[in-house]
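Order-wise, the sequence lines are chains U and D. Here our numbering is used: position 82 in the first sequence is 82, and no number is missing along the way. In our numbering, each residue carries its 1-based index in the second sequence increased by 1000.
Rather than coming from a laboratory, the hints here were simulated on the basis of the structure. Computed from a predicted structure; not experimentally measured. Mixed in with the good hints there might be a few duds.
Said to hold, decoys possible - Beta-carbon label-pair distances, calculated as ranges:
id, chain 1, residue 1, chain 2, residue 2, range
1, U, R5, D, F1195, 33 to 41 Å
2, U, E64, D, V1046, 28 to 36 Å
3, U, V86, D, P1139, 37 to 45 Å
Ideal Cβ placement from N, Cα and C applies to all residues, glycine included.
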Amino acid sequence: MVGDRLELELRRGVVVLAVLSQLGEFRYGYELRQSLSDNGLPIEEGTLYPLLRRLESQSVLVSEWRTEGQPRRYYRRSPAGEELYVRLRDSWHGMNEAMGQLLKGDR
Amino acid sequence: MLTTEELIDAYVADVARLLPRRQRRDVALELTTLLRDELADSDDPVARLRAFGRPAEVAARYGQPSIAVDPADTRRFVRLSVAGVLVIWLLGVAAATDVVDWYWTYGLPAFWWPGFLVVAFGLAGWARRRWPDRFAWRPRRSAAGRIVRSGRIAAFAFYVAGTVVLVNAAWLLDQLGAAPQAVQALTFTREFAQFRGPLVLALLIATLVHHLVVTVHGRWRPVTRTVGMLLGLAICAALTWVLFAGPVYLSPEADRTAKFWVAVIVAVSLVDLLIETGRLLQHRVAGPMAPSLGSL
């Protein structure tokens, strides 16, 4: 359906920013997904986990394996990821403000 | 019935197999631990794994998927592929001796054409990504409906000469002192000379006149386009009749060769007519606000 596809595209645009926002400290994939979901932004696992690896390969995230208990890979923002996060966050605020103006009174 | 752990192992193995070798072990290990978390309390682990995505899709998400034909070029690629294969198949219909010959000589081998296009589009896409500045769009004057007069005049002379040669091939060979067998080979059968020949000749002359009119006008007009299409259709119909109605030349070899080329002409003309019809319909849908679309 067209509506579903367009909504998916809209959400896809903010996924990276949402992920970066939660990775100021080390987190592993499942924990991150729960956190995003608890905050009202559920992301499919098949999308989120590969995204973490891609962001790491682009030096936006760093990761480490922790082996106490079940071994898990933890991610957090790299210095380059910090810069990108600030940039995307500012951009988001600008767009949010603009969209707020555009959609004002449109209820 | 597989246990959840066995299902995870099978799924991860299918994903890992499709990853670059250096990524496999690491991704497999991480994916296993993540899926254990995800499926820990699941009543239907198979459904959860299916929801995760096909292994090929998941593997593709882990890296930059490689593209053979750019998505922007896909429509053109499909159109060219289909049109090319259809033309080869139609030529095969005229040239093959039977269905089995057609299948092995034209039916199956025709797929070299889409393969060739994949390579050509792939190279073009690679070049565009490698040197984006060189392939940047540049404005050019719209050629909406215009023609190149010198080219059309040269083409007119060529068509007239071709028609004269076609009609008088035997007489010309005789004048040039060719062997009687050659003259005989290119002599029309009485039946062709009485009915089909004059009809084809009349249509060829009408096409030449139409060509001349467009050349004098200096550009295509809606009426000349419509007349051109109708003439094209009439010639295709007449040539198809020629193909199936009986021998054209006295010599069977000359007849077979001539009919092969007639089939080529019909196939190319039909493709051209289809493209032209598509343009015309597009132009009508776009309306008068888009006058240049009809000639793109």
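Hint by hint, here is what the structure shows:
1. Under the hint 33 to 41 Å, the C-beta atoms of U/R5 and D/F1195, about 60 Å apart, miss the expected range.
2. Look at U/E64 against D/V1046: about 32 Å separates their beta carbons, and that is inside 28 to 36 Å.
3. Between U/V86 and D/P1139 the beta carbon distance is about 39 Å. The supplied range of 37 to 45 Å therefore holds.
Violated hint: 1 only; the structure is consistent with all others.
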